[in-house]
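Visitor: Residues per chain, in single letters:
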Amino acid sequence: MEGNQPMTEAMYYVLLALMRPDHGYGIMQRIKDITGGRVVMGPGTLYGILTRLKREGLIVLQEESERKKIYEITDAGRQALLAEYRRIKQLAADGAILEGEI
Amino acid sequence: MKRRYAIHPGDYAIGENEKFYSDMAAKGWRLVKRGTHLSRFERFEPEKVLYRIELASPDLFEGTELPEDKLAIFEECGWEFVTSCGLINVFRTKEGSGAPEFYMEPEQQAMTLKGLRRSYLVGIISSLLIVAFYVLITASVGGYSSLGNALDSAFVSLVEYTALIAFYTFFMIWGIYTTIYGAVRTGLLYRRLKKGRPLDHSPQKRRLAHKSVNVVCGVLCSLMLVMLLAQFVFEEKMPLPEISDGPYVTLEELGHTGWRDDPMGNEAQVIYSNSILAEHWDVNEYIEGEKNAWIYEDIYRLRIPEMADLFAKAIVANATFSESEDFREITVPGADWTRYTRLETVAVYGQYVIYITYSPEPYSDDNISAAIKAVEAILDNIKRLQT
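Protein chains in written order, with our numbering: chain D, 1 to 102; chain R, 1 to 387.
For the record, the hints were derived by calculation from the structure and aren't laboratory data. Treat each hint with caution, since some may be false.
With a straight-line Cα cutoff of 27 Å, these simulated BS3-like cross-link-like pairs (lysine-lysine) come out [what the hints assert, rightly or not]:
1) Lys-89/D to Lys-54/D
2) Lys-68/D to Lys-114/R
3) Lys-195/R to Lys-205/R
4) Lys-68/D to Lys-94/R
Go ahead and model the full structure; you've got the sequences and the hints to work with.
Guide: Below, the structure written as structure tokens:
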């Protein structure tokens, strides 16, 4: 990641989906499943994010056939995802004071 | 299979292109191939289809094809690849198929405009370079010592081949306008997406001003092309008569006797052509006899008489054998003004501009009386035609 910038939502979900190695379409399906259909990622977005995560060393190519590339998360990617998860959890925990308002 | 071609919107108009293809499909014309300016369609049942464009954004000197694995992801999502041309890749899906839009966030799509923005920038720079190169060449080659001379030469060409020069100029302006317009539109789209506003896949804006510019340029270019063809088709090449029947003079009328020859490969002839700005008689004759003589005549009848003065000055500046400062003013009865050097004479008479290169033998440094006689004879012939 560049500095300690928060991840975009799309990046977060792609890393999350890649906790299990998968190819492009599989990643999209998983994200749809994980979010209960809330996040439907377009192919343009997904391809852009895969390229970027690969460049930043957060994912690697595990297997490559003619048209399908299977990606998996790297240690750096796992750490970045965990850090982001903790950050979001902290944000949610801090927001607990809102509970009475809802 | 019935097929048809149609002009599609420019590459910068992503949403317009998507709508254009969807509209054509709804009318029963399915997109088969996209070219630089034209798209090819084939007749099918009318169908409700969504078209989307994905721009390739290759690095410098990289091919423009989308990577195989990218295509695979798009197709797995339900987008069928149709055709590509340059940076444009066209996909389609049936309406209601559930295929997701390409981009969740407009900012991500903004990044794909990088290649298109670069291609327009390259287009603008190269057209400026072409114009600069053209100006430089005209100003330096063929003895033009300055830009002013190049302009005089361009003015002479404009009068002789109005349609050709006008076509070339309109075509260049149209091309440069299109490139700049594309660059501006791409820049605006980039800013829109960057701000988080998604691409409009079905724009309704009619952009009448831009369309009018295209129609005007298109009509002007075609018109000039037709006029240009007409000028070449209707150009007349005739053997020169012994005694002139046009606004020019023959050597026999000037008192030379002998036989006509063509030592420079030019048979004695008169070429008559008709441009938008002027009629033009181009005469050349060579006589071999006791005394040799030769004459080149360019007689112009300008359709706008007010232009005659300016045009004659351009001829002086552009004269084949003499520098403009070599010309001196002489008086020929009947002519508005006349300038003369040892070989060349330029005269104005109303809407007529006379340019002769006349060499009667014996060669002398001062042919002034011969030149005056020739111009007078031409004026007589013109006046005879006028009555």
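Visitor: The structure should be examined with respect to each hint, and the outcome stated for every one.
Guide: Verification of the hints:
no.: 1; hint: Lys-89/D to Lys-54/D; verdict: holds (26 Å)
no.: 2; hint: Lys-68/D to Lys-114/R; verdict: holds (26 Å)
no.: 3; hint: Lys-195/R to Lys-205/R; verdict: holds (20 Å)
no.: 4; hint: Lys-68/D to Lys-94/R; verdict: holds (24 Å)
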